[in-house]
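S.K.: Read top to bottom, the protein sequences are chains A and B. Residue numbers in the first sequence follow numbering that gives the first Met the number 0, run continuously in steps of one, and reach 269 at the last position. Residue numbers in the second sequence follow numbering that gives the first Met the number 0, run continuously in steps of one, and reach 269 at the last position.
Just so you know, the hints here were simulated from the structure itself, not pulled from any lab data. Here the structure is a predicted model, which means the values were calculated and not measured. Quick reminder that beta carbons are idealized off the backbone N, C-alpha and C, glycines included. Possibly wrong hints are sitting among the right ones.
Heads up, incomplete: computed chain A residues facing chain B, CB under 7 Å, no partners named [what the hints assert, rightly or not]: (1) 1; (2) 4; (3) 13; (4) 20; (5) 101; (6) 105; (7) 134.
2 protein chains.
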Amino acid sequence: MNAKVLREGRVRLWLEPEDRGLAYGDGVFETLRVCGGVPAMWREHWARLCIGATRLGIALPEEALVRCEAESLVADRALAALKIILTRGVGLRGYAAPEVENPTVVLTCSDVPALPEPGLVLRWCKTRMAVQPLLAGIKHLNRLEQVLARAEWNDPGIHDGILCDREDRVVCTTSANLFARIEGRWLTPTVANCGVAGTIRGWLLAQGAAVEAELSQAQVSHAEVLFACNALRGILPVRRLGQHDWPAHPEVLALRRRLADAHPAYAFQE
Amino acid sequence: MNAKVLREGRVRLWLEPEDRGLAYGDGVFETLRVCGGVPAMWREHWARLCIGATRLGIALPEEALVRCEAESLVADRALAALKIILTRGVGLRGYAAPEVENPTVVLTCSDVPALPEPGLVLRWCKTRMAVQPLLAGIKHLNRLEQVLARAEWNDPGIHDGILCDREDRVVCTTSANLFARIEGRWLTPTVANCGVAGTIRGWLLAQGAAVEAELSQAQVSHAEVLFACNALRGILPVRRLGQHDWPAHPEVLALRRRLADAHPAYAFQE
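Just chain A, with the same shape it has in the complex:
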């Protein structure tokens, strides 16, 4: 892994121990797919970072500076994951924000795991997500629920787990949004109560390819077909969920092609 920290106009290799990102998870992050040395869908990721920062009242860093430093970090990477963390910066003890905020930006570059062929094997997580509309939708740094959910299994044959909220509504997987085809329509859970409004999810909704809906575990288990999606790996067909198996589905392939046409970073070998 390769990292740098931007603070007060300087580039460093380390973080101050008094950063509020550590103390409280007081910040937001983005994970971008890097293809041919270029971060994909920058505009969409920056827009979501801004929405999250605004929701938390965190001052925004200069986009051009962050982009320039991010691009130089990943310039020689054919395929990689770029993570951008924005925090409220260093603070005194206590929850009150400092009077003058100097946000911290942490950039890290790491490998992208291979896409499992012919698709993901998923499980149901026991961990239930709390309902918190104040934090729903944004990609904030309070991720203990995902950590606990991911700790439920260590079988490498299971690629991800699906989470429900405490009212038994399906929300997402630990690291991706979920789409289910039911009665001929693609549905995906809302992110009004919990979950993250993913960038690929946003693209699919904007394309009219899917609509938001409330989904139960039974509906997802008996869906005609499922896929997960996230910025790092695009659209990921689901092969198995618990005891349910799905063969490859032409509609998922069609959506993957459509995404690759719009954003060539998501091109794939057929």
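Fit chain B to the given chain A structure using the hints.
M.R.: Below, chain B without anything else, positioned relative to chain A:
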């Protein structure tokens, strides 16, 4: 502020940007009152840190090492706040814990704000706490709810705000546990759904001075008397909550004396 970071047997002044404490809030913390260069109630704080780390599955550092480094950090401080952060350490990208965990310990020392006399002025926060029994009770690093609640006011005449959960039960203030005297008994909210099991709260319950109960906003507003408590400042009388005022109460004074007798770090000027 004064800080050090313990990792892999070494003492540093900075944190690695890939620490999971930053990435996910994947850790727990303690805030201790330091009096005469000595952290008060070490045993109680260490015990709670262990409970939290165990709940999250984080490996425990060696107590003697942490205590030694903490004591050397605060040795020359007559009165201070010692914060101990324990994280799962550095990880690769992704929620799965690293195969070999090397926890990070961050120690910081800062000033203790003066106790407002003759007592706290509180408000009700609009921010509602999510119900999440998996994280309730422990002092984990996912504190955005407290940050949002504390951002609701900037009037320095308001010392703290009381939070309710999404089902309208009173939980705590942003930085303390809350006790209400109702029909002659001291009651404090349970921490089974959200909130932190504070060390002073634990001491009071163990003394038989109070019992856990479900409390509504109306009950708290119309209580005979209120106090807040946390490890940093002990028992804090409440003077006002919204439009309700309370005079000094002999029972709060008696409890403060009892705490000071048991733990002299909480001695106060009468």
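S.K.: Min Cβ distance, residue 4 of chain A to chain B: is it shorter than 7 Å?
M.R.: Holds - the Cβ of residue 4 of chain A comes within 7 Å of chain B, reaching about 5 Å at its closest.
S.K.: Does residue 101 of chain A hold up as a contact with chain B if the rule is Cβ-Cβ below 7 Å?
M.R.: violated, 15 Å
S.K.: Residue 13 of chain A was flagged as interface toward chain B. Is the shortest Cβ-Cβ separation under 7 Å?
M.R.: With Cβ-Cβ at 4 Å, under 7 Å, it holds.
S.K.: Under 7 Å is the threshold here; is the Cβ of residue 1 of chain A close enough to any Cβ of chain B for the hint to stand?
M.R.: Violated, about 10 Å.
S.K.: Is the interface hint satisfied for residue 20 of chain A? The criterion is a beta-carbon contact with chain B at less than 7 Å.
M.R.: Check passed: Cβ of residue 20 of chain A comes within 5 Å of chain B, closer than 7 Å.
S.K.: Hint residue 105 of chain A vs chain B: min CB-CB distance below 7 Å?
M.R.: This interface hint holds because 5 Å falls under the 7 Å limit.
S.K.: Would the hint on residue 134 of chain A stand, with a C-beta cut-off of 7 Å toward chain B?
M.R.: holds, 6 Å
Hints 1, 5 from the earlier list are contradicted by this structure; the remaining hints agree with it.
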